[in-house]
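J.: Make a model of the complete structure from these sequences and hints.
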Amino acid sequence: MNYAIIAAGEGSRLVQEGVKLPKPLVRLNGEPMIGRLINIFLECNAESISVIVNEQMTAVREYLESLTLPVPLRLVVKSTPSSMHSFWEVSQAFPEIAENSKFCLTTVDTIFRTGDFRKYISAFEADDKADGYMAVTPFVDDEKPLYVATDSDLRITAFRDTAAPDTKYISGGIYGLTPPALKVLGECLENGVSRMRNYQRALVEAGLDLRAFPIEKIMDVDHAGDIIAAEKFIAG
67 MNYAIIAAGE GSRLVQEGVK LPKPLVRLNG EPMIGRLINI FLECNAESIS
117 VIVNEQMTAV REYLESLTLP VPLRLVVKST PSSMHSFWEV SQAFPEIAEN
167 SKFCLTTVDT IFRTGDFRKY ISAFEADDKA DGYMAVTPFV DDEKPLYVAT
217 DSDLRITAFR DTAAPDTKYI SGGIYGLTPP ALKVLGECLE NGVSRMRNYQ
267 RALVEAGLDL RAFPIEKIMD VDHAGDIIAA EKFIAG
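Numbering (my numbering), first residue to last: 67 to 302.
In the EDC-like style, the derived pairs of lysine to aspartate or glutamate whose C-alpha atoms are separated by at most 16 Å in a straight line are:
#1 Lys-185 with Glu-282
#2 Lys-298 with Asp-286
#3 Lys-283 with Glu-297
#4 Lys-185 with Glu-109
#5 Lys-234 with Glu-282
If you anchor each label on the Cβ, the simulated ranges turn out as follows:
#6 Asp-275 with Glu-97: 32 to 38 Å
#7 Thr-134 with Val-259: 35 to 41 Å
#8 Ser-132 with Ser-218: 44 to 50 Å
#9 Thr-134 with Asp-208: 30 to 36 Å
#10 Ser-260 with Glu-128: 25 to 31 Å
#11 Glu-109 with Thr-223: 30 to 36 Å
#12 Ser-260 with Glu-121: 16 to 22 Å
#13 Lys-249 with Arg-93: 35 to 41 Å
Bear in mind the hints are in silico, worked out from the structure with no lab data behind them. Here a beta-carbon is modelled for each residue, glycine too, at the ideal position from N, C-alpha and C.
T.: Here it is, written out as structure tokens:
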């Protein structure tokens, strides 16, 4: 499994609330958020790890460059206008993707328990038919959640900005995808599409077979108070 991390945001809300460290280096139970993600990926059959950081994140870049990993670590340093653009830039650092290759993308502040993630990756690796596995959760923590509509077999039928009878879950910010999804990503860039949620809508419109994988709780670290909540969550 090839993994990627989007860590190119500014973390402006944390800065405004007095957190001095760049978001990727904020410690959760003594471990930098980005380091925690990398260690989880290594436990889950990582073949390579690609990361994008913005041009102002010199401390994050230095931290990543100091790591010695058993798999290739590909670092992209570039400021982008949206997470979808960050995905495109980091995808250019992926190793050559074979037709049946799979990759998993997360944002750096997506917090989940290791055991839940391991089950998600195992299910994605075992499914040879789906074009993608999106981790979803009934736990609404995001200020602007993206609601995920599914059918009775957990196939994703739509992504919505507001809740509806067919939206039991919201997007968890964990995207398991295959090469057809990269083709759609390129088309989105060519057509001026922006934002990850619009890219996800484009995946559905393109007819890709996307499956929802429910995880009881996934949370984000957007505010200073979220740090303590995240520490308790992953420790519990």
